[in-house]
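Chains as they are written, first to last, in the UniProt record's numbering: chain A, 1 to 332; chain B, 1 to 442.
In case anyone wonders, no lab produced these hints; they're calculated from the structure.
Treat each hint with caution, since some may be false.
Calculated pairs, DSSO-like style, for lysine-lysine (alpha carbon to alpha carbon, straight line, at most 30 Å) [stated by the list, open to error]:
(1) B:Lys132 with B:Lys63
(2) B:Lys238 with A:Lys271
(3) A:Lys271 with B:Lys70
(4) B:Lys274 with A:Lys271
(5) A:Lys271 with B:Lys132
(6) A:Lys91 with B:Lys425
(7) A:Lys91 with B:Lys248
(8) A:Lys130 with B:Lys274
Just so it is clear, the structure is predicted and the values come from calculations on it, not from any experiment.
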Amino acid sequence: MATSSPTRDVYAPPPPGSQRKPADTRRQTWRSRLWRFDDKASPYAYIAPFFLVFGAFGLYPLIYTGWIALHRVEMTGLDRMEWVGWENFDKILHDSEFWTAVTNTFLIGVMSTVPQLLVALGLAHLLNYKLRASTFWRTIILTPYATSVASAALVFALVFRADGGLLNWVLEFVGLGDTNWANGHWTSKIAISVIVIWRWTGYNTLIYLAAMQAVPSDLYEAASLDGASRWQQFLKVTIPSLRPTILFTIVISTIGSMQLFGEPLLLEGGKLGAIGGNENQYETLSIYLFNYGWNLGHLGPAAAVAWAMLALLLLIAAVNWLIGRFVRKSAV
Amino acid sequence: MRITRTAAGRSRRVAVLATTGLTATALLLTGCSSDSDDSDSAGADANGKITLTVADFGQFGYKEAGLFEKYHELHPNITVKEETTAKEEDYYPKLLQQLNAGSGLADVQGLEVGRIKELVDTKADQFADLSKVIDVNEWVSWKAKQATTADGKVIGAGTDIGPMSLCYNTELFKKAGLPTDRKEVAAKISGGWEDYLKLGEEFKKSAPAKTYFMDSASAMFNAVVSSNPKQYYDESGKAIYKDSPSVKQGWNLSAEAADKGLTEGLAQFGDPWKAALRKSTVATVVCPAWMAGQISIAAGDANKGKWDITTAPGSAAANWGGSFLGVPKSGKNVEEAGKLVKWLTAPEQQAAVFKAIGVFPSNKGAYDLADVKGATLPYFSDAPIGQIYADEAKSIPEAVIGPKDAAIKEAISTQINNMEQRGTKPDKAWDAATEKIDKVIG
Chain A
1 MATSSPTRDV YAPPPPGSQR KPADTRRQTW RSRLWRFDDK ASPYAYIAPF FLVFGAFGLY
61 PLIYTGWIAL HRVEMTGLDR MEWVGWENFD KILHDSEFWT AVTNTFLIGV MSTVPQLLVA
121 LGLAHLLNYK LRASTFWRTI ILTPYATSVA SAALVFALVF RADGGLLNWV LEFVGLGDTN
181 WANGHWTSKI AISVIVIWRW TGYNTLIYLA AMQAVPSDLY EAASLDGASR WQQFLKVTIP
241 SLRPTILFTI VISTIGSMQL FGEPLLLEGG KLGAIGGNEN QYETLSIYLF NYGWNLGHLG
301 PAAAVAWAML ALLLLIAAVN WLIGRFVRKS AV
Chain B
1 MRITRTAAGR SRRVAVLATT GLTATALLLT GCSSDSDDSD SAGADANGKI TLTVADFGQF
61 GYKEAGLFEK YHELHPNITV KEETTAKEED YYPKLLQQLN AGSGLADVQG LEVGRIKELV
121 DTKADQFADL SKVIDVNEWV SWKAKQATTA DGKVIGAGTD IGPMSLCYNT ELFKKAGLPT
181 DRKEVAAKIS GGWEDYLKLG EEFKKSAPAK TYFMDSASAM FNAVVSSNPK QYYDESGKAI
241 YKDSPSVKQG WNLSAEAADK GLTEGLAQFG DPWKAALRKS TVATVVCPAW MAGQISIAAG
301 DANKGKWDIT TAPGSAAANW GGSFLGVPKS GKNVEEAGKL VKWLTAPEQQ AAVFKAIGVF
361 PSNKGAYDLA DVKGATLPYF SDAPIGQIYA DEAKSIPEAV IGPKDAAIKE AISTQINNME
421 QRGTKPDKAW DAATEKIDKV IG
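Sequences are here, hints too, so could you generate the full structure?
Quick look at the structure:
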């Protein structure tokens, strides 16, 4: 890098009052201007593709959704938009089904995220030991993540089926009787959480594992010299070093559970899946949005739901940030 | 140093140009792709060969009756491809999206009767006017009206209708000590749907354990409402379902059936429903003409001959269901598609479909054909379905249909199912249904 500063000087504009010939100066300034332009503009050109794509597929839909949320738009006539102001937001906020969906999303989110992250942490800790065929185990751990939502949900739908499902068969075999999983308020949420946990635990495990391997080994050595057991090492060394990673996985899981769609939709499938069960017992916000827009055909309220979901995410992010700040402060 | 610097600068500029160029090309390519997609499926190629696509849902029966191959034999330059979506509730939103985008549509699109009013009201200008291709006077009169706009445009050709009957499991009837002869069964329920419930109580008294009189009370609800000219909307297009006598009657009967435990409370066409038919746990299924085919598929060959068909309770004829074939204007072969639709809905072809899967013709010309008139269903103990349905089809009342009929039915069915399955109190279920329907009507 030391060489770059003298070369840069060659292209710098001549200092005022230099004794060069006018034509040469003009050429020099034109070239140097071009260089400067290049220097300044090309970084923007490099990142332009991202912003173009983001603008077309991220920002524009976001803003347009907000615009639709303020209108009456029907699936049967997208070209006819009628301004209604905040009416759509008013409508969904006074809809009991919306609040059911909010509660369901929150409950399923907690029920799937908390066990998932705890199990992932434990698994990562196990994988962090010197193991025979460690790559094999790490690959195995990640396989559920590689399956598609649809296939995972369909397989689990068979497991949880009321009539001849695998789980009920086992339960009946051990004499616990059978349960109509999708029908109950709690059982349906448990079923969905199980699908989510199954799919995402491996993914989080690998993230934790990567973070654990970045923890300096002398910390562990020092701890073991001090007589700390494995469990104490995990609690006093691993967990504190992983704090930012844990926060990251919580944020990612929160966003993920907010978008929960395929698992509940396919648990029963068909008409019941599209409304999240006969009493909306497992209807999440995404399903509510989908149902409002695509089955009922009212796109205005559906767009309002999308914005309400964004607002909820921002709210959760703010709470997260506050907790994070509190944790950092208390750690000092 | 200067040389390397220049070289780096040039290559960088090249890179910038390349990136912008690539992005632009990518954007252009994605922008264009939707146009280039259409050309390979539609439109005549160099040899004058045409491929017509037909998008439909559920079971239209053309494949089963071998009609597309036959059309290809009659018109060697035309090949017909069918894309079937299993469930209508998945099919319709997709159709609306395609109509909005004006692309992705097939040359012929199936349209369900519960949606036809909405399409007539909002999307008529996107469908070819079939009144010039087809003589709508050939159909039962109300069928034509359903697909006709205020200014006389016909957006869909009538395929089938659903005259109502009652399918029953003779084996279960025998076990419960009920008559199995179709005339005797018809006589027992001739007084209407109340009689049907009474028969159900009689059945329950001595029926084998874990068997039910009916599969689903919401099916009975649909049948009750269907036999009435006044359903969910009035002539002016106002939703009147809250005060509609037929809705009230259907709802009360459903609540009673649920309360007395006469129904297994299955969502029709779902896996548990199919399993119930396979295992013969339901004794009766309210049977619009197209339902017979569904039952025989679900119950399977093992139950062949165990079922029979008789006339529906009461004397009022009812129609449940029935579809149309529409030709979107945006297609590249609108004229050829129109000819195909005309052929598919002509009496002979409708009769062939009826023979194949029991979907009943809407074209009156078909009623006198031997395939319809003398039709019997071997699966259903050789029930004379041609006679049962043709008699009824002539007296079906002209019902007012509304834009959201399908969605209203669905909302009410869900709540009836809650009464059957979860013991939800009728008042609470009705409130939930109306709340949902108000949202549907929006």
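Right, here's what the structure says about each hint:
1. Between Lys132 of chain B and Lys63 of chain B the alpha-carbon distance is near 27 Å, which keeps this suggested pair within the 30 Å criterion.
2. For a cut-off of 30 Å, the pair hint linking Lys238 of chain B to Lys271 of chain A stands: about 26 Å separates their Cα positions.
3. Using a Cα cut-off of 30 Å, the hinted pair Lys271 of chain A and Lys70 of chain B is violated, with the two alpha carbons roughly 36 Å apart.
4. Between Lys274 of chain B and Lys271 of chain A the CA atoms are separated by roughly 16 Å; this keeps the pair inside 30 Å, and the hint holds.
5. At most 30 Å may separate the alpha-carbon atoms for a hinted pair to count; Lys271 of chain A and Lys132 of chain B exceed this at roughly 38 Å.
6. For a cut-off of 30 Å, the pair hint linking Lys91 of chain A to Lys425 of chain B stands: about 27 Å separates their Cα positions.
7. Between the alpha carbons of Lys91 of chain A and Lys248 of chain B the distance comes to roughly 28 Å, so the proposed pair stays at or under 30 Å and holds.
8. For the given pair, Lys130 of chain A sits about 53 Å from Lys274 of chain B by alpha-carbon distance, which is inconsistent with the 30 Å threshold.
In terms of the numbered hints stated before, the structure departs from hints 3, 5 and 8, listed from lowest to highest.
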